[in-house]
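Student: With these hints in hand, go ahead and build the complete structure from the sequences.
Chain residues, written in single-letter form:
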Amino acid sequence: MSFDAYELLERVRTQQPLVHHLTNWVTIYDCAQVVKMLGASPVMAHAPEEVEELARLAGSLVLNIGTLTADMVEAMKLAAHSARQKGIPVVLDACGAGATRFRDAKCAELLDAGLVSIIKGNASEISRLAGRQVQTKGVDSTAVSGDMAALARELARARNVTVVITGPEDLVADTQAVWRVRNGHEWMSRVVGTGCMAASVIGAFAAVEKDLAKAAAAGLTVYGVAGELAAAKTAAPGAFKLQLLDELYGLDRATLEKRARVERS
Amino acid sequence: MSFDAYELLERVRTQQPLVHHLTNWVTIYDCAQVVKMLGASPVMAHAPEEVEELARLAGSLVLNIGTLTADMVEAMKLAAHSARQKGIPVVLDACGAGATRFRDAKCAELLDAGLVSIIKGNASEISRLAGRQVQTKGVDSTAVSGDMAALARELARARNVTVVITGPEDLVADTQAVWRVRNGHEWMSRVVGTGCMAASVIGAFAAVEKDLAKAAAAGLTVYGVAGELAAAKTAAPGAFKLQLLDELYGLDRATLEKRARVERS
Amino acid sequence: MSFDAYELLERVRTQQPLVHHLTNWVTIYDCAQVVKMLGASPVMAHAPEEVEELARLAGSLVLNIGTLTADMVEAMKLAAHSARQKGIPVVLDACGAGATRFRDAKCAELLDAGLVSIIKGNASEISRLAGRQVQTKGVDSTAVSGDMAALARELARARNVTVVITGPEDLVADTQAVWRVRNGHEWMSRVVGTGCMAASVIGAFAAVEKDLAKAAAAGLTVYGVAGELAAAKTAAPGAFKLQLLDELYGLDRATLEKRARVERS
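Residue numbers (this note's numbering), protein chains in the order written: chain A, 149 to 413; chain B, 149 to 413; chain C, 149 to 413.
Rather than coming from a laboratory, the hints here were simulated on the basis of the structure.
Using N, Cα and C, we set each Cβ at its ideal position, and we do this for glycine too.
Derived CB-CB ranges, DEER-like: (1) R280(C) <-> E317(A): 45 to 55 Å; (2) A218(C) <-> R249(B): 20 to 30 Å; (3) K234(A) <-> R280(B): 56 to 66 Å; (4) R409(C) <-> G315(B): 33 to 43 Å.
Tutor: This is the structure:
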């Protein structure tokens, strides 16, 4: 297979890119730690006085609106402008899109300004960003009907971005193709932080691979396989989450290749 | 026994209420995670532009002043007004009341405005809110003498709220009755976050039961039993805290009923 | 040996000093928890209305600029002024110094105002504070050549402070002496939070011992030994970090004395 997720993981481990985050206060530690466990270097910083300078130094920028404020989104714009001018990919985790008008408005501002390279969310978050009338339950997905792959592709074309929908099956779409990643474990939806960490993983991989859909698919494959390995060793979701992080640290080629369930169409 | 804590836990697991928090930055992850482990859905959001809308969608609202600022308390007021208008219970964790004049003043503002349904704190925090001259040591309780049940009842009547005092024996008082919960483990006072998580547990139970004292007593019983189970499986406080969260996830009726030590007088 | 690190640890456990933090949002939980595991009492508070009052009540003050903003640094100044007026030691973790001009400028403001008792950082952070032209990679150290002990002593004399450089060998310098601590484990550099926790540990020890270099050396010895014990019991960095915290909780005299590798010159 021409898709070699492990080769991308090795690039992350070797190049150790700086992954700059402006993120939420709930899972900020987990986002930093997951980047560290991949062998990369996380930095979390949101002061408007320094975000442009830091974003220019970084391999990628991750924005997460989980506990957004108006000021934080202004700092995100400064950082994202700076990153995009240098060709640095910007990931937006649209955490809670569809839960309040404020979140929808702020996502629209970031997207309308062309500041985002990869949009990531769960089914109801992405549906909302694609203009559907759905209500997200806080930051948890609500049931959404319809063809999610078609929806992802539609949003990718409308915004000229890569779109990631996380769920039991992860979807990655750009204007050319759709990737499906069937790795992971149901406990990933039972603990706080796994969705945010997925965006940080995508950020780390986007820092080392120009094909952003491929980068996202590789990152989600690696992350999902680590989840499977962790679930096999733990008995409850909290212990599972900690083990997941350690599995990322130790993941080897043979294990990844044996378990990877990803296809491009 | 007419008190069936497990039946309330089942309601939390089945109804999966949204529990909206405006909380501190230290234990924000733990507060979200404990709600998730109970089967409910946490959302942490503090932007003034969205807190009213989110609070209306929620089953309960939890306010925690652990790392309060003046702006954060203004956002708490907006959220609490919105919640109270719709009859949604509001829990105030009076974290650090009695440590600084600022904390005392901000608690008084929230209480004077009638925005709180349940006040929760340790012995010195609640003593301070009841007007006693005590000094809280940061966010750790100092020794307080006197009849805590009488104090809780006094504050409950003065403020027309439910009052929770956590400690080796948890007390819950409303204008009618006093509940005593004798579950838990001493390690709960040896790690950071267990007090804050107790308020979030109470929030989850208050979302599914109109008798708020009963809801609080049930939540504290469930939480305390999980602590006992966790202590039996771990050798130190840090590992204990993580296990406690996983015990909540898996707690069954037989174990809860066998261990519950709660009485109403 | 006249240096008795365990005796200082016992003072922390017995006196249970309040350690006031104004810190970053990434590792704020870990900073609180490490203080708690040592038997002391952490409080995290940054509202300008209360930091002066809290700092006066504390045994030490820890400032960490990991996710600094201009407002946060103003609150740090208020707290530090208040602490210094009462002779309470102030630890500055210069997290990310050398990464952006903003961080350098804010560190300079704190140091120029004479608000800091102990400066702590990694090799590139401290080099930058000492005026060297180095670039820190976010919050991770970059390679720095030269005699770090000489650099630490130079900065200690220039600023009349105690200087701590963390790394495979920790260095502590004041105007009189240099301490070298050779405890610890490489995994301490592989997870997020260990550097910040080191500053909090130093804060706890500085609250109970007036010789600040001795306090820092003792704290780092205790912390490093806990790291060694944790590494012997765990198989990956994430599990290691949690075990490290629990090892601090249970550390006894015999184990510490057997493993301590510290010298003063």
